[in-house]
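Asker: Based on the provided sequences and hints, a complete structural model is requested.
Line order of the protein sequences matches chains A and B.
Letter by letter, the first sequence follows residues 481 to 760 of the numbering used here.
Letter by letter, the second sequence follows residues 62 to 281 of the numbering used here.
These are computed hints drawn from the structure, not numbers from a lab.
Heads up, some of the hints might be wrong.
Unchecked claim - Cβ-Cβ distance ranges computed for the label pairs, FRET-style: (1) Pro-505(A) - Arg-67(B): 31 to 37 Å; (2) Glu-534(A) - Leu-147(B): 24 to 30 Å; (3) Leu-267(B) - Pro-505(A): 40 to 46 Å; (4) Glu-579(A) - Leu-215(B): 46 to 52 Å.
What the hints assert, rightly or not - Anything over 12 Å on all C-beta distances counts as not near chain B; from chain A, calculated: (5) Glu-549; (6) Ser-598; (7) Ala-660; (8) Ser-734; (9) Ala-747.
As the list claims (entries may be wrong) - Pairs of lysine to aspartate or glutamate residues, derived as DMTMM-like cross-links and limited to a Cα-Cα distance of at most 20 Å, are as follows: (10) Lys-599(A) - Glu-657(A); (11) Lys-599(A) - Asp-573(A); (12) Lys-599(A) - Glu-132(B); (13) Lys-599(A) - Glu-641(A); (14) Lys-244(B) - Glu-102(B); (15) Lys-599(A) - Glu-102(B).
Bear in mind that the values here come from a model prediction, so they are computed numbers and not experimental data.
We put the beta carbon where it would ideally sit given N, CA and C, even for glycine.
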Amino acid sequence: MTNLSFRYGRRDPWVLSDAGLALRPGDVTEILGPNGTGKSTLLRLLAGLLRPVEGTIEDRPGVVGYAPERFPAAQPFTVAAYLRHMAAIRGADPRRIGEWTERLGMDHLMSHQLPDLSKGSAHKVGLAQALLCEPGLLILDEPFAGLDAATRAELPTIIGEVAASGGIVVASDHQGELRALPGLRRHEVRDRTIRELPGNSAHDIADVTAAIAHGVPARNGTTQDDAGLRITAQDAAGSADDSQAVTVLEVAVSTSRAQELADRLRAEGHVVRIARETAE
Amino acid sequence: MIALVRFRLAGYARSHRALQPLIGLLPLLAILYATPVPAGEELGAMADSAGILLPVFAWAARGLLDSEPDEQRMISIVAHRRGELLSGLITACVFDLGLTVIAELALLARLSANPGIGAIMVGVCLHLFSVLAGVALGALTSRPILPSPAVSSLALILGYLAILLISASGARWLTVPVMSWMKDGHHDVLLGHLPLLAVQSLIWPLVGLAAYGWLRRTRP
Numbered sequence: 481m482t483n484l485s486f487r488y489g490r491r492d493p494w495v496l497s498d499a500g501l502a503l504r505p506g507d508v509t510e511i512l513g514p515n516g517t518g519k520s521t522l523l524r525l526l527a528g529l530l531r532p533v534e535g536t537i538e539d540r541p542g543v544v545g546y547a548p549e550r551f552p553a554a555q556p557f558t559v560a561a562y563l564r565h566m567a568a569i570r571g572a573d574p575r576r577i578g579e580w581t582e583r584l585g586m587d588h589l590m591s592h593q594l595p596d597l598s599k600g601s602a603h604k605v606g607l608a609q610a611l612l613c614e615p616g617l618l619i620l621d622e623p624f625a626g627l628d629a630a631t632r633a634e635l636p637t638i639i640g641e642v643a644a645s646g647g648i649v650v651a652s653d654h655q656g657e658l659r660a661l662p663g664l665r666r667h668e669v670r671d672r673t674i675r676e677l678p679g680n681s682a683h684d685i686a687d688v689t690a691a692i693a694h695g696v697p698a699r700n701g702t703t704q705d706d707a708g709l710r711i712t713a714q715d716a717a718g719s720a721d722d723s724q725a726v727t728v729l730e731v732a733v734s735t736s737r738a739q740e741l742a743d744r745l746r747a748e749g750h751v752v753r754i755a756r757e758t759a760e
Numbered sequence: 062m063i064a065l066v067r068f069r070l071a072g073y074a075r076s077h078r079a080l081q082p083l084i085g086l087l088p089l090l091a092i093l094y095a096t097p098v099p100a101g102e103e104l105g106a107m108a109d110s111a112g113i114l115l116p117v118f119a120w121a122a123r124g125l126l127d128s129e130p131d132e133q134r135m136i137s138i139v140a141h142r143r144g145e146l147l148s149g150l151i152t153a154c155v156f157d158l159g160l161t162v163i164a165e166l167a168l169l170a171r172l173s174a175n176p177g178i179g180a181i182m183v184g185v186c187l188h189l190f191s192v193l194a195g196v197a198l199g200a201l202t203s204r205p206i207l208p209s210p211a212v213s214s215l216a217l218i219l220g221y222l223a224i225l226l227i228s229a230s231g232a233r234w235l236t237v238p239v240m241s242w243m244k245d246g247h248h249d250v251l252l253g254h255l256p257l258l259a260v261q262s263l264i265w266p267l268v269g270l271a272a273y274g275w276l277r278r279t280r281p
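Answerer: Written out as structure tokens, the structure reads:
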């Protein structure tokens with residue numbers, strides 16, 4: 481995606497301006513940013529649903545799977561009939577329907593009418609139809625919204641499999657469920673641009689499962705905890721405007737609220753490391 | 062493409078929306094054929110039927126295209142790109158042709174004399190022109206183009222009235238010549254004028270469908 485600019489109408493403000501994004505086969509990228517900054521618009525541009533006003537999107541894979549944020553459940557079909565139609569439309573093997581419904585824990589829903597489904601169950605149907613076609617590019621708009629714990633745990637594995645087979649996965653994820661995924665890339669949509677944030681490594685995964693920070697006070701732009709985990713000014717600069725100075729904050733928060741606070745700050749584009757729990 | 066047409070047709074038929082154009086069609090047929098069509102009036106009756114049913118075809122096309130939720134349309138676009146647009150128009154044509162069959166059967170059942178195969182073929186042609194014009198009008202007033210249901214309904218009605226008024230005026234070449242079908246049908250000159258009327262009847266719906274395709278580029 482090169483020099484891309486987009487707005488919905490001539491009198492509307494630009495949603496993206498001169499934005500760029502390069503994704504490689506096997507990439508899993510999380511799209512971050514506050515509400516209303518254009519994450520869903522970016523996903524629709526990548527899916528080919530919207531046409532850039534300026535700039536180009538090149539080399540989009542031929543098979544694209546798209547799961548919208550809100551699955552359109554107001555349709556007069558049972559789950560089974562809908563997925564059979566979708567398999568036929570995508571030219572997918574209908575036998576794969578059973579495979580995906582089992583993995584997503586929705587076998588028992590097959591005879592249900594779509595309008596009767598709960599939000600989470602309908603969301604699973606949306607995910608199943610997107611996965612049926614073995615996509616080269618999988619676009620997921622808030623894929624974890626409303627899902628039960630088992631499916632929330634399974635979905636990162638499925639996404640990892642799509643990436644392992646050479647597919648590109650792009651997801652907006654306010655829940656932060658993808659952050660344990662090794663090799664996750666993170667892009668923030670803010671101020672009409674797309675900026676790449678520091679991604680995941682195995683180290684980051686350890687951070688997520690670790691406890692609450694109680695680091696050494698910042699010195700020379702660096703805070704450091706006992707385990708040697710640290711946030712550098714360079715890390716943080718990746719999420720701030722180049723013109724802005726970077727400050728490293730040290731925050732103490734109750735254990736029960738730590739993950740929620742970290743997720744919120746990450747969604748706002750800040751670099752957050754959860755370091756360790758203190759006994760006090 | 063065929064799978065997408067089948068999906069959209071199934072969705073429309075299973076929803077209650079498919080009944081709406083039938084609710085319009087059946088009373089119209091009852092009024093048109095309350096008395097038998099006199100001998101010699103067959104062509105006029107066929108032209109009347111094609112002209113009067115145009116808004117029913119447009120209504121059905123619009124309802125069919127709008128019966129799919131916006132997010133489902135996006136899923137279909139991702140699956141088939143431009144094929145989504147074409148499949149919608151084909152599905153609308155297929156449904157409208159079903160309505161045409163009902164209308165033609167009702168008409169044939171109320172004829173007093175055998176019209177001959179030539180007159181029947183002219184009637185079929187006029188109904189096909191009407192279907193094409195109806196699909197174009199319905200598509201141009203569908204939700205991706207006119208998101209407001211009130212504006213869309215008004216545009217459909219005014220669009221049909223504009224077709225009638227312009228085709229009755231001296232500038233009838235500016236639209237689908239619906240009034241010319243009816244006048245020529247009742248004055249027994251329809252067969253002679255059919256080639257020119259056919260060109261006019263095809264050009265404007267095709268222009269309308271091309272405009273719909275162009276507008277849909279930025280309106281998924």
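Asker: Look at each hint and say if it fits the structure.
Answerer: These are the hints, each one checked on the structure:
no.	hint	in the structure
1	Pro-505(A) - Arg-67(B): 31 to 37 Å	holds, 33 Å
2	Glu-534(A) - Leu-147(B): 24 to 30 Å	holds, 28 Å
3	Leu-267(B) - Pro-505(A): 40 to 46 Å	holds, 42 Å
4	Glu-579(A) - Leu-215(B): 46 to 52 Å	holds, 49 Å
5	Glu-549	violated, 8 Å
6	Ser-598	holds, 17 Å
7	Ala-660	holds, 28 Å
8	Ser-734	holds, 39 Å
9	Ala-747	holds, 23 Å
10	Lys-599(A) - Glu-657(A)	holds, 18 Å
11	Lys-599(A) - Asp-573(A)	violated, 27 Å
12	Lys-599(A) - Glu-132(B)	holds, 15 Å
13	Lys-599(A) - Glu-641(A)	violated, 25 Å
14	Lys-244(B) - Glu-102(B)	holds, 12 Å
15	Lys-599(A) - Glu-102(B)	violated, 59 Å
In this structure, the hints that do not hold are numbers 5, 11, 13 and 15, in rising order.
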